[in-house]
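*Asks:* Following the hints, put chain B in place on chain A, whose structure we already have.
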Amino acid sequence: DGGITQSPKYLFRKEGQNVTLSCEQNLNHDAMYWYRQDPGQGLRLIYYSQIVNDFQKGDIAEGYSVSREKKESFPLTVTSAQKNPTAFYLCASSIEGQGIYGYTFGSGTRLTVV
Amino acid sequence: KQEVTQIPAALSVPEGENLVLNCSFTDSAIYNLQWFRQDPGKGLTSLLLIQSSQREQTSGRLNASLDKSSGRSTLYIAASQPGDSATYLCAVKGGLNTNAGKSTFGDGTTLTVKP
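Sequence order for the protein chains is A and B.
The numbering used here numbers the first residue of the first sequence as 740 and each following residue consecutively.
The numbering used here numbers the first residue of the second sequence as 102 and each following residue consecutively.
Hints are computed from structural coordinates only; laboratory data are not their basis.
Pulled from the structure, derived: some chain A residues nowhere near chain B, Cβ distances all over 10 Å:
1) P747
2) E754
3) V758
4) N767
5) E801
6) G802
7) P814
8) V853
BS3-like mimics (lysine-lysine), calculated; alpha carbons at most 27 Å apart, straight line:
9) B:K143 to A:K810
10) A:K796 to A:K810
11) A:K810 to B:K203
12) A:K748 to B:K143
13) A:K796 to B:K203
14) B:K143 to A:K796
15) B:K215 to B:K143
16) A:K796 to B:K102
17) B:K143 to A:K822
18) B:K102 to B:K169
19) B:K143 to A:K809
20) B:K203 to A:K809
A quick note: this is a predicted structure, and the numbers were derived from the prediction, not measured.
Virtual Cβ for every residue (Gly too), placed ideally from N, Cα, C.
With the rest of the complex left out, here is chain B:
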């Protein structure tokens, strides 16, 4: 069964700092990995989707990497801003003994960017 872990559970940084959020998964036979942002009491907003054949995706100040062989993904946020404060979740689609249509979610990393 696929398991997804996000460390740390919470992170606080000063404004302007570059930071990395981590996501690890136990089964490398995945279809894709997706990073989401969730604001308190809101739904999930998709940030980046990396296919299993890709190594990274970029959108603005965000860069996500994928290393299937080691079961790891990172989300890099450049020049952080207070508006980046939110919970960031990663979701892995597929894996051995996991239906290809299902994603497994990590518990998230709650980021606070202080002005």
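Just chain A, with the same shape it has in the complex:
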């Protein structure tokens, strides 16, 4: 079945560490997105990519980095510069980045700073 796979489901980070969250899709979608969700708040866009080898900052990109070397993969690195990384991270994809298409989401990664 086609879909989006996020791993790991739970991730623990020590202070000062960089960690990478994985997002893989087999839907042949061009566009991919990373969102952050905090309790009581909606989803906030971190980064998005509309095509391979290209990506743009979202509303809260500071302290995060991404790459898009393959169409299927859009990993997110949470760097030590991100001061409050504890949150639920959601990856999404869309057939293309413009216009009429909706989103498909993965099951999320919960990141906790210990």
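*Replies:* Structure of chain B alone, referenced to chain A:
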């Protein structure tokens, strides 16, 4: 900048009741509006996608409407069941000064259906 509001933040109803969830947005120049369901600790599951040219979409007991001119959408759930208990989010794609590839999400309405 597009802003999306969902009221109420929480709703509790007895089983079998019909109910309406509301979503409002500030900029009507949208491409589409999508309703999602989120169970605790899980990702978002798409329920209905309404294109800007459409007025409504239906799937089973769910019906979503879109009124672009007033900046409003409603999600109607018929004959609610305890299994419908979840958080429902709406997302609006596009808008003036908003990249067409980006969606703006509301904070969601948490629905509890009591047996």
